[in-house]
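**Student:** The lines below spell out each chain.
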Amino acid sequence: MAGKTNEGNNDLVTYTLRLADTALVLGHRLSQWSSYGPTIEEDIALSNLALDLIGQARLLYDYAGAVENKGRDEDALAYLRDEHAYLNLLMAEQPNGDFAVTMVRQFLYAAFMHPYMEALMRSKDETLAAIAAKAEKELTYHLRHAGEWVVRLGDGTEESHARAQAALDDLAIFVGEFFVTDVLEDAMIAADIAPDPATIRSRFEATVDRVLGEATLSRPVFAAHHLGGKAGRHTEYLGPMLAEMQVLHRAHPGAVW
Amino acid sequence: MRAAAALSPDLARARAAIGAVTDPEIPVLTLDDLGVIRGIRQDDEGRIEVTITPTYSGCPAMAAMALDLESALVAAGFADARIRTALSPAWTTDWMTEAGREKLRAYGIAPPERATRRALFGEETKPACPHCGSHATAKVSEFGSTACKSLWRCETCLEPFDAFKCI
Numbered sequence: 103m104a105g106k107t108n109e110g111n112n113d114l115v116t117y118t119l120r121l122a123d124t125a126l127v128l129g130h131r132l133s134q135w136s137s138y139g140p141t142i143e144e145d146i147a148l149s150n151l152a153l154d155l156i157g158q159a160r161l162l163y164d165y166a167g168a169v170e171n172k173g174r175d176e177d178a179l180a181y182l183r184d185e186h187a188y189l190n191l192l193m194a195e196q197p198n199g200d201f202a203v204t205m206v207r208q209f210l211y212a213a214f215m216h217p218y219m220e221a222l223m224r225s226k227d228e229t230l231a232a233i234a235a236k237a238e239k240e241l242t243y244h245l246r247h248a249g250e251w252v253v254r255l256g257d258g259t260e261e262s263h264a265r266a267q268a269a270l271d272d273l274a275i276f277v278g279e280f281f282v283t284d285v286l287e288d289a290m291i292a293a294d295i296a297p298d299p300a301t302i303r304s305r306f307e308a309t310v311d312r313v314l315g316e317a318t319l320s321r322p323v324f325a326a327h328h329l330g331g332k333a334g335r336h337t338e339y340l341g342p343m344l345a346e347m348q349v350l351h352r353a354h355p356g357a358v359w
Numbered sequence: 505m506r507a508a509a510a511l512s513p514d515l516a517r518a519r520a521a522i523g524a525v526t527d528p529e530i531p532v533l534t535l536d537d538l539g540v541i542r543g544i545r546q547d548d549e550g551r552i553e554v555t556i557t558p559t560y561s562g563c564p565a566m567a568a569m570a571l572d573l574e575s576a577l578v579a580a581g582f583a584d585a586r587i588r589t590a591l592s593p594a595w596t597t598d599w600m601t602e603a604g605r606e607k608l609r610a611y612g613i614a615p616p617e618r619a620t621r622r623a624l625f626g627e628e629t630k631p632a633c634p635h636c637g638s639h640a641t642a643k644v645s646e647f648g649s650t651a652c653k654s655l656w657r658c659e660t661c662l663e664p665f666d667a668f669k670c671i
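Here the protein sequences come in this chain order: F and R. If you read the first sequence in the numbering used here, its first letter stands for residue 103, the second for the next number, and so on. If you read the second sequence in the numbering used here, its first letter stands for residue 505, the second for the next number, and so on.
It is worth saying that the hints were derived from the structure and are not from the lab. Where is the CB? At the ideal position from N, CA and C, for every residue including glycine. Warning: the hint list may mix true and false statements.
What the hints assert, rightly or not - Some chain R residues judged to face chain F by a derived CB distance under 10 Å, without partners named: (1) T555; (2) P558; (3) S561; (4) A594; (5) W595; (6) G648.
Whenever a hint applies, use it, and build me the whole structure from the sequences.
**Tutor:** In structure tokens form, the structure reads like this:
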């Protein structure tokens with residue numbers, strides 16, 4: 103098992119936790135839509151996407167815990183770390199807002215993460231490559247679903263167009279972070295464990311341009327203004343979300359049902 | 505799981521025991537039909553180990569599948585059997601058996617077509633209606649009652665139906 107040979111590789115643990123936290127935080131955000139969806143089909147769709155992301159997070163936490171080898175399992179990693187120990191992308195923690203915000207956030211995430219996971223399938227780390235192979239299949243239909251909604255909202259009514267454009271303009275400031283690496287990630291890239299996000303930027307932009315074009319939405323500037331998620335510096339929204347997500351486990355450690 | 509060369513009597517008995525275990529959410533399919541059982545072996549101490557692969561990362565049925573396999577093995581006398589999960593190679597609906605596809609159709613679920621790589625807005629193959637066989641069908645939602653199904657409607661017989669997604 104790869105976990106054995108990499109035991110104690112702290113950079114690998116951190117890198118894996120970043121991927122896991124991003125998937126879990128976004129998955130939890132989507133789960134907040136359960137029973138609030140605009141139609142029953144969409145309610146099921148959002149819960150389904152949440153389930154995939156939380157499933158991907160579980161596989162990643164399981165692996166991070168095995169490599170770390172300090173006895174932390176997926177529950178300890180998800181429920182017993184505070185806000186500043188979370189290493190997710192800031193995009194993932196942004197509040198659901200209206201339906202347009204949720205769908206634009208999902209679209210931008212999937213437009214990046216789908217080619218990213220495809221590249222991670224070629225990782226020298228066998229476990230990450232195997233997890234990426236599962237995630238990539240799921241992100242294919244996440245991207246399709248969110249992309250179709252962005253087109254329907256943008257090319258829909260005056261109201262839905264305005265809301266989709268506002269969502270895009272608000273969330274644009276978190277796109278730059280997708281492509282910014284630090285020393286730790288650079289080392290993972292050099293070791294052929296992590297893909298270099300710069301290599302997928304053109305695919306991300308082509309997807310965004312195509313969908314925004316069909317949606318009649320104008321593309322805002324994707325500058326790297328808001329950074330810090332991968333280092334544990336978050337926007338004001340993550341803390342309250344984690345409080346709600348973690349309270350049961352912390353009040354009743356080890357509870358099962 | 506296809507027939508292998510000479511099995512030890514224990515292994516043959518264990519394999520027969522798990523061969524009857526069905527999917528917790530689609531009970532007409534066995535786990536064999538679904539293609540999630542990737543191997544069965546017996547270690548030097550005689551313990552049976554079954555390898556399964558998850559369908560979807562977050563499929564809530566995986567825990568139930570592992571438990572059902574374990575129960576079947578215990579009932580067959582293998583109290584210390586182990587279920588191992590392997591992620592790679594990733595499960596694909598192409599591993600579903602022909603018998604499984606037929607059972608699904610008879611149950612009212614359109615079986616998966618061969619998995620293809622579909623672009624963002626590429627045309628998708630429409631499943632035939634499992635009730636009347638018509639190809640005039642329309643997608644209602646890409647997401648259905650379980651992670652592995654989508655919702656469709658037949659425009660010939662007007663019946664709604666579930667279709668197994670291709671991944």
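**Student:** Given S561 of chain R as an interface hint, is its Cβ closer than 10 Å to any Cβ of chain F?
**Tutor:** Holds: closest Cβ of chain F sits about 3 Å from S561 of chain R, inside 10 Å.
**Student:** Have a go at the T555 of chain R hint: is there a Cβ in chain F nearer than 10 Å to its own Cβ?
**Tutor:** This hint is violated: T555 of chain R lies away from chain F, its Cβ roughly 13 Å from the closest one there, beyond 10 Å.
**Student:** Verify the interface restraint on W595 of chain R: the C-beta must sit less than 10 Å from at least one C-beta of chain F.
**Tutor:** 8 Å, holds
**Student:** Please verify that hint: G648 of chain R, Cβ, nearest Cβ of chain F, below 10 Å or not.
**Tutor:** Nearest chain F Cβ about 7 Å off; hint holds.
**Student:** Measuring from the C-beta of P558 of chain R to each C-beta in chain F, is the shortest one below 10 Å?
**Tutor:** Check passed: Cβ of P558 of chain R comes within 7 Å of chain F, closer than 10 Å.
**Student:** Taking the closest Cβ pair, is A594 of chain R under 10 Å from chain F?
**Tutor:** 4 Å, holds
When the structure is compared with the earlier hints, a violation turns up for hint 1 alone.
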